[in-house]
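Undergrad: Dock chain to chain to rebuild the complex, using the hints, since each chain is given by itself in its own frame.
As given, the protein sequences belong to chains U and V, one line each in that order.
The numbering used here numbers the first residue of the first sequence as 1 and each following residue consecutively.
The numbering used here numbers the first residue of the second sequence as 192 and each following residue consecutively.
Because the hints were derived from the structure by calculation, they are not lab data.
One or more hints might be untrue.
[Unchecked claim] Derived coverage of chain U by chain V (criterion: at least 3 residues anywhere in the stretch with Cβ under 8 Å from a Cβ of chain V; other residues may be distant): (1) 40 to 48; (2) 120 to 128.
[As the list claims (entries may be wrong)] Chain U is nowhere near these chain V residues, computed Cβ spacing over 10 Å in every case: (3) Leu286; (4) Glu288; (5) Met308; (6) Arg316.
[Claimed, not checked] Distance condition first, Cα-Cα at most 25 Å in a straight line; then the derived SDA-like pairs of lysine to any residue: (7) Lys319(V) to Leu122(U); (8) Lys319(V) to Val61(U); (9) Lys319(V) to Thr34(U); (10) Lys250(V) to Thr324(V); (11) Lys319(V) to Ser285(V); (12) Lys287(V) to Pro41(U).
Glycine is no exception: its CB is placed at the ideal position from the N, C-alpha and C atoms.
Chain residues, written in single-letter form:
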Amino acid sequence: MARMNPEINAGSMADIAFLLLVFFLVTTTMDVDTGIRRLLPPPIDPNQPPPPPVRERNVFVVLVDQNDRLLVEGELSTVRNLREQTRNWLLNPENDPTKPVREMRDIDNLGEVEVSRGVISLQNDRGTSYEMYIAVQNELAAAINDIRNELSQEKFGIRFEQLTDQDLVTAIRTAVPMAISEAEPKDIGGE
Amino acid sequence: MLIKGRFKKDSAPASQKINTASLPDIIFMLLFFFMVTTTMRETTLFVRNTLPPATEIQKLERKSLVSFIYIGTPLQTNVFGTEPRIQLNDTFASLKEIASFVESERQARPENERPIMIFSMKVDRETKMGIVTDVKQELRLVNALNINYSTTRGEVRGM
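Chain V with its partners taken away, still in its complex shape (with noise of 0.2 Å):
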C-alpha cells in the first residue's frame, strides 16, 4: 500500500504501518482505571425500593463512609409476605439486629472515621412511617445520629 505524498513528489516507499503495539497497553491502562474506581454493586436487593423524590438534596461525598439500611415490601411477596421489613447487608433483619449491624459497620472502619459515619436509610416511599420510627429509635440507642434519608431529584409529591 504506497500513498502519494502530495507535495513531495516519489517519496520513499515507507511501511505506512502504524504501530499499534502499545494500544493494548493503553486499554489496559484505561481498563485499570475503571476497575479500580468503580464498586460493583454489593448487596442483593430483596425489598422493594423505589425512593422518594425531594429537591432540598445533598450528596453523600464519601461512599467509604456511608452504611445502608433498606427498608420496604419484600420483592417475593408470595414467600415473605407482604409486611415491610429491614434490609441489612444481604439479609433480612429484626429490629433488634440493627444495634449489632451498627456495631460491625463501625469495627470494619478506622478508628478516626467512625464518629462521622453516615447511615443511609433507603426506604422505600410507600413505606409506612412505623416501621422507619422504630428504626431511628434504634439507631439513637447506639448513637448513630448521622443519617441520610435516600431520596431521588425531583418535585415532591403535592407540588
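For reference, chain U alone in the conformation it holds in the complex (with noise of 0.2 Å):
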C-alpha cells in the first residue's frame, strides 16, 4: 500500500470559507428601518375633566378630507404650500391676532427667545389614503425643522440637525416644540 501523505490539502477550506461568505453577505440585510417618529397621546380617562381649550388664535386647523384635499384654516390649499404656511402661521412676524401668541421665555442655553404658543391640530378622515397622510405630517414637520434650523443657525451658528450636544438640542426642542396634536378619530366621510 502506498504510504499516504499525512498532510491534508486545506487550500479549498478558503474557497469553502469564500463560498459561505458571500452567501451570508447577499441573504442578511443591513438597512436601517427610517421613518417619522410620533408620540401618541396618552388614552383619554374618562374620569379626568377635559383639558382647558386653547385660544382660537393658537390653533392651526389642517383637514385633510376622504378625496385627499387638503383644508388649511378653513381655506383650499395644497401640500406644495403647506411648508411656507405653516411656518408663517407659527412665525406670526406681523404680530396678526389671529395668528398665535408669542411670549418671551427664558431657556436654558438660549436665554431670552420668542416662542410661539401655537399648536397645529390635524384632521384626517377615515377615507384619507396613507400616502396623503405622510405628506401632510411631513410637511408639518418640515416646517417646524426650518424654524428650528433658524434658530440653531442664529445661536450657535450651525444647523439643529448638526447639532451634537443634547442639551442645546433639549434647548432648541423646547424653544420650537413639534406641536402637532391629532384630533380623537371621527368618521366624517365614510370610507
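TA: Following this line, the structure appears as C-alpha cells:
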C-alpha cells in the first residue's frame, strides 16, 4: 500500500469559506428602518376633566378629507404650500391677532427667546390615503424643522440636525416644540 | 518556479510559495462577523408593503427596541380579499389582537427597555387611514405611545 501523505490539503478551505461568506453577504440585510417618529397622546381617562380648550388663535387647523383634499384654516390648500403657510403662521412676524401668541421665555443655553404658543391640529378622515397623511405630516414637520434650523443657526452657528450636544438640542426643542396634535378620530366622510 | 532577484544575483533558490494556511482562518473570521452582525429577515410579508416617501425622517438606531406592525392589502387577493389587513409577526391579525401582541413584545424584552420600545408601522401607501387610525387607537389603549411611521427617503407626493 502506498504511503499516504499525512498533510491534508487545506487549499480549498478558503474557497469553501468564501462561498459561505458570499452567501451571508447576499442573504442578510443591514438596512436601518427610517421613518417619522411620533408620540401618541395617552388614552383619555373618562374620570379626568377635559383639558381647558386652547384659544382659537393658537390653533392651526389642518384638515384632510376622504378625497385627499387639504383644508388649512378653512381654506383649500396644497401640500406644496403647506410648509410655507405653517411656518408663517407659527412665526407670526406681523403680530397678527388671528395668529398665535408669542411670549418671551428664558431657556437654558438660549437665553430670552420668543416661543410661539401655536399648536397644529391635524385632522384626517378614515378615507384619507396613508400617502397623503404622511405627506402632510412630513410638511408640518419640515416647517418646524426649518424654524429650528434657523434658530440654531442664529444662536449656535450650525444647523439643528448637526447639533451634537444634547443640552443644546433640548434647548432648541423647548424653544420650537413639535406641537402637532391629532384630534380624536371621527368619521366624517366614510371610507 | 524560480524568480530571479532583480538586485541580488543568484540568490538561494528559496521556495517562493506563500503560506496560505491562515487564509481560511481570516475568511472564517469575516464570515462569523457577518453572521453575527446581520439579521435574517424574520417575517414573511403577506401584505403589499410599498412605503410612502418622506423627507423629515429619523433613523431607528436600536433595532432590538423596534417591533413592526404591517398594514396593507393582502398579496394573495384571491384568497384573502382586497381589504387592507394587519399583519403581526407571521400571521394576519384582527384589531383586538394588537393588545396581546404589544404585551408579548414587551415580555420578550428586558424590563428596562420596555418603556423605550418603538412600534413601527409599516403601512402600504395606498391604504386608507381608517385602519391606521384604529390601530393607533388600540396602541394608545395599551400605552404603546412611542410609534414610528415607516417611510422611505424621497420627495413627498404633490411637491
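Undergrad: Quick one: which hint numbers does this structure break? Sort them smallest to largest.
TA: Hint check: 6 fails alone, others pass.
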